[in-house]
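Residue numbers (this note's numbering), protein chains in the order written: chain A, 1 to 481; chain B, 482 to 606; chain C, 607 to 1043.
Note that these hints are calculated values from the structure, not bench results.
It is possible that some hints are incorrect.
[What the hints assert, rightly or not] The calculated PhoX-like cross-link candidates involving lysine-lysine, where the alpha carbons are at most 25 Å apart (straight line), are:
1. A:Lys-367 / A:Lys-391
2. C:Lys-760 / B:Lys-557
3. A:Lys-127 / C:Lys-641
4. C:Lys-669 / A:Lys-301
5. A:Lys-83 / C:Lys-669
6. C:Lys-759 / B:Lys-537
7. A:Lys-301 / A:Lys-289
8. C:Lys-949 / A:Lys-480
9. C:Lys-649 / A:Lys-127
10. A:Lys-4 / C:Lys-899
11. C:Lys-641 / A:Lys-345
12. A:Lys-367 / B:Lys-545
13. B:Lys-545 / A:Lys-187
14. C:Lys-760 / B:Lys-537
15. A:Lys-18 / C:Lys-949
16. C:Lys-668 / A:Lys-301
17. C:Lys-762 / B:Lys-537
18. C:Lys-973 / A:Lys-29
19. A:Lys-301 / C:Lys-649
20. C:Lys-900 / A:Lys-480
21. A:Lys-363 / C:Lys-633
22. C:Lys-783 / A:Lys-152
23. A:Lys-345 / C:Lys-633
24. C:Lys-625 / A:Lys-367
25. C:Lys-902 / B:Lys-545
26. B:Lys-557 / C:Lys-759
27. A:Lys-230 / C:Lys-641
28. C:Lys-899 / B:Lys-545
29. C:Lys-668 / A:Lys-83
30. A:Lys-479 / C:Lys-881
31. A:Lys-35 / C:Lys-949
32. C:Lys-899 / A:Lys-391
33. C:Lys-968 / A:Lys-29
34. A:Lys-301 / C:Lys-773
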Amino acid sequence: MINKHLPLLMDQSQKGRKSINLPEIGVEKSTLPNKKFLRESIQLPEVSQLDLIRYFTNLSSLNFSIDTNFYPLGSCTMKYNPKINEQISTFEGFSSSHPNQTDENVQGCLEVMYNLQNELAEITGLKSVSLAPLAGAQGEYAGLLIAREYHKFNGNNHKNIALIPDSAHGTNPASAAMAGLNAVTIKTTSEGDIDIEDLKEKVSKDTAVLMLTLPSTLGLFEPNILEITKIVHDHGGLVYADGANLNALLGIAKFGDLGIDICHSNLHKTFSTPHGGGGPGAGPVMVTKNLERFLPYPHVKKENESFISYTPENTIGRLNGFLGSFGILLRAYTYIRSLGSGGLKEISENAIINANYIQEKLKSHYKLTSTRYCMHETVLSASRQKENGIKALDIAKKLLDEGFHAPTMYFPLIVDEALMIEPTESESKETIDSFIDCMIMISELSSKNPEEITNAPINLPVQRLDEALAARNPILSWKKD
Amino acid sequence: MSEIPNNLKYSKDHEWVNIEDNIATIGITLHAAESLGDIVYIDVSSLNQELNQFDKFGEIESVKAVSDLFIPVSGKVIEINQDLEGNPEYVNDDCYEKGWIIKVEITNSNDLSSLLDSSEYEKII
Amino acid sequence: MKNSPYIPATNSDQVEMLKTIGVNSFKDLLTDVPKSHLFPELKLQEMLSEPELVDYFNHLSKKNITFKKKTSFLGGGAYNHYIPSTVKAMIQRGEFLTSYTPYQPEASQGTLQVGFEFQSMITQLFEMDVCNAGMYDGPTALAEAALMACRIKKNKKILIHNSVSKKLLEVLNSYSKWQDVEIINFEDINSMNEDDYSCLLVQSPSQNGEIIDVENLSNLIHKKNGLLIQHTYPISLGLIKPPGQLNVDIATGEGQSIGVPLSFGGPYIGLLTCKKEFIRQLPGRIIGQTVDKKGKTSYALTLQTREQHIRRENATSNICTSTQLIGLMVSVYLATIGPEGLKQISETCFHRAHYFASEINKIDGFKLISNNFFNEFVIEADKNINEINNYLLSNNIESGLNISSGKKNLIMFAVTEMNNPKDIDETLSLLRRINDQ
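Start from the sequences and build out the full structure, keeping to the hints where you can.
So this is what it looks like as structure tokens:
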């Protein structure tokens, strides 16, 4: 990591510098629009190409990334992003394809989409797939819209309640609110399983959908899943599964077999598309065959030997400008083809073994949220360390000092001082062992010499930012001094 | 300043009330301020509105959390502490004096009887 | 027998780990999964080795006509602009590509400072006060802007100007259909109407490429106590007055045209900017400048209490993703072309488009019907548009968008700096000969 102040581009800017030569207009000029429509001046940085490249390259060195560090962010599935996916996405025939072309001119792109639909259908057991949603949260929203449209189609307009476990990710109630559903919270046990009695009490004829994360946000598989889906179905409701944790289920179990009607998947998690600092992503939505008519535009079908993108007859509508985040879809499809059934099955197996290995090795140092075997992630609590004044945040910062990106902190909300660790299948035993050793070292340090942890990080160029100042006095863009 | 001043009344939602004649000055307790963390913004959209006891009168935000504010006595919101706009940290530094949030013209003095005194409040935190 | 190069664990690694955990086999870890549904069959397409992957996808990519084209005049919300080598170089850096949301700011100053640069450059481009770190795409940014106006004004009536494309309206409908929102055509309300509205949505350049008098509309909607929301085409801002100078309250746009490949529709980036008084209602991630414990200037996610992970059902939006990688491309693009370059590209698009349009207008059977346009224009033709497009395609020229309606044969052409004058002239000579076909 470079440890030097990197001034903003506008502070480096000098009039007359440039980074590129562009072609001349090359035709006779026409009359410009009326002066009242014309811009008088533009302010943007003026830098030479070397300074530009040096700046951004140096900035990149300030990041932890999968390519450089172990990144056990729970529920984010920070697995290796294969380089071949990147290479293939640059093929001219894909990267230069304009989305407004007619179907017959883009048969290659449509074939990729059709095949990906089928692969995701096979993996989840939910046969009808739309690749339109541009992110997990959008896929989730699409899932809820499908449920609403289905109930409306059947004349059940009174069904306006979404049942949501208290352990749910924030997008769940936020998406429910956007879909005009009233969120009713379902209690979970201390291990994050649905409290069946609470579910039975709160389910009703007005239940539109139960939103579940499977495995749960505590990294555990819902042992009563079949009973739960039956309870909801008996009341005419649908079950939606948040597929954020799908990395635990590949070849292990299929959503469609467990009574789930609708799910989404995060291609940037389970299917290795690059996280890119927070996005872009893609969140395809998968549904049972009888819900296919409600899918968002587009759905891709095959007729004779041609691929066609069409609008399903009772579609929830268009979610975005074009057909979906094709570049991301292509990378995910490349990934699935590079592994096949055999390779895909190995993913969950190794992700689960790695997580349980960490859980086992750390259980005498950190409080576990459950004694059960976890799935692909384990949630620890720093409550023991808190007795010495060390919080989850402090442990995270010390890990950064040692070159590990921190796990997810303070989620799920139902666990005190939560640290959610997801190693993924990409990591070697050596890397995992070094992480375990570091976590143990931190635990011991928390009783012997806690200042070393509360002072962390000391090895990074910036340390313990004043986030209160950032929110009290928002500075959100460059301003002249 | 004690953590739970004796001269104030308290609500279960962690607001304190200081009564002078029929004007109530209201803020959040030290316990509430500490749980929220560094306060960054207070949003009171109910100026000049008449509210009933325990209605929401605004929101208070810290870096990582946001909490609704509930009026401990029925009344008309007649003043908002303007200093908090530029200095929300007053709520952390001095929640019982500099960090007061609103002043209310009480419309139902019976409400005061449902509030807690300092020893009763101490029991609930 | 291992199938994956992306999984380092060997058989002996696995055996050792299982032993530490205290089980005999992997299956013993799956006690919570219903036995009847454990280990279902997975019938996926056959696995391909790396060279076979290259071969297979190469073959697929050539089933698209793209690679054959000499030039293209397709527009309609996505445009073929030049992507500089600097952009392509920077997104290959693994430190940018494979990092995640900057929850730990000390470990993410690269992503955060780039995001801050993005916010800075977009606010400069739009001349608006505040910009967030990126939405999914232009249309969703516009939909979220409309909902934002409804929250700010506590009013659910949205006016739509006829400049707004059908596609943008469809996305708005998807986002608002269950929120009791009323969407009204601006042209349908008469001037005597006393109602208040939350906002007026206008697209300029319009769905037909025309430049709209936004400032006039801004005055009208402000009188009705509503906000003016403009959806714009970023490249046009090199020539045309930006939203900040037109008294626009919230301005959105599709960022694809500034440094992002067409890639059959995505990933793109939605631009969302607003006046500073609305900042707490802005959805999406926002990056702010601050100092660390030693007083060093640094960057962090801020105003997070708007977002779903804190507010949950009261959040400004359910959005979690922020398209920062695409934001990186846009930042590198704008820094590469600079203010002079943007002006140059914008003028090139304008003049080449006007040249093309006025020459087509001279050809029998073609009539220019757009007025005061930027770089996209509509032509009415005597012939069926599909016929015209197929004829041009057989000469490896991708024509404009067929927007025929009713009995009118209409085609919309977009011209950018990627359509060189030679190819424009060749297209014109082909069109002149079309009546002989």
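Taking the hints in turn, this is what the structure says about them:
1. A:Lys-367 / A:Lys-391: holds, 13 Å
2. C:Lys-760 / B:Lys-557: OK: Lys-760 of chain C and Lys-557 of chain B at ~22 Å, within 25 Å.
3. A:Lys-127 / C:Lys-641: holds, 22 Å
4. C:Lys-669 / A:Lys-301: holds, 17 Å
5. A:Lys-83 / C:Lys-669: At roughly 23 Å apart (the allowed maximum being 25 Å), Lys-669 of chain C and Lys-83 of chain A satisfy the hint.
6. C:Lys-759 / B:Lys-537: holds, 19 Å
7. A:Lys-301 / A:Lys-289: holds, 14 Å
8. C:Lys-949 / A:Lys-480: OK: Lys-949 of chain C and Lys-480 of chain A at ~22 Å, within 25 Å.
9. C:Lys-649 / A:Lys-127: The given pair, whose Cα atoms are some 13 Å apart, holds under the 25 Å limit.
10. A:Lys-4 / C:Lys-899: Roughly 16 Å between the alpha carbons, so the hint for Lys-4 of chain A and Lys-899 of chain C holds.
11. C:Lys-641 / A:Lys-345: holds, 17 Å
12. A:Lys-367 / B:Lys-545: holds, 24 Å
13. B:Lys-545 / A:Lys-187: The hint holds at about 24 Å.
14. C:Lys-760 / B:Lys-537: holds, 17 Å
15. A:Lys-18 / C:Lys-949: Holds, at roughly 13 Å.
16. C:Lys-668 / A:Lys-301: Between Lys-668 of chain C and Lys-301 of chain A the Cα gap is close to 20 Å, so the pair holds against 25 Å.
17. C:Lys-762 / B:Lys-537: Holds, because 22 Å separates the two Cα atoms, which is no more than 25 Å.
18. C:Lys-973 / A:Lys-29: The given pair, whose Cα atoms are some 20 Å apart, holds under the 25 Å limit.
19. A:Lys-301 / C:Lys-649: holds, 19 Å
20. C:Lys-900 / A:Lys-480: holds, 23 Å
21. A:Lys-363 / C:Lys-633: Holds, at roughly 21 Å.
22. C:Lys-783 / A:Lys-152: Distance ~13 Å between Lys-783 of chain C and Lys-152 of chain A Cα, so the pair holds.
23. A:Lys-345 / C:Lys-633: holds, 13 Å
24. C:Lys-625 / A:Lys-367: holds, 22 Å
25. C:Lys-902 / B:Lys-545: Judged against 25 Å, a Cα distance of about 22 Å means the pair holds.
26. B:Lys-557 / C:Lys-759: With a Cα-Cα distance of about 23 Å, the restraint between Lys-557 of chain B and Lys-759 of chain C holds, given a limit of 25 Å.
27. A:Lys-230 / C:Lys-641: holds, 17 Å
28. C:Lys-899 / B:Lys-545: Measuring from Cα to Cα gives roughly 18 Å; hence the hint holds.
29. C:Lys-668 / A:Lys-83: With Cα atoms ~21 Å apart, Lys-668 of chain C and Lys-83 of chain A stay inside 25 Å; holds.
30. A:Lys-479 / C:Lys-881: holds, 15 Å
31. A:Lys-35 / C:Lys-949: holds, 15 Å
32. C:Lys-899 / A:Lys-391: Holds - the C-alpha atoms of Lys-391 of chain A and Lys-899 of chain C are around 18 Å apart, at most 25 Å.
33. C:Lys-968 / A:Lys-29: holds, 17 Å
34. A:Lys-301 / C:Lys-773: holds, 22 Å
Consistency note: the structure conflicts with none of the earlier hints.
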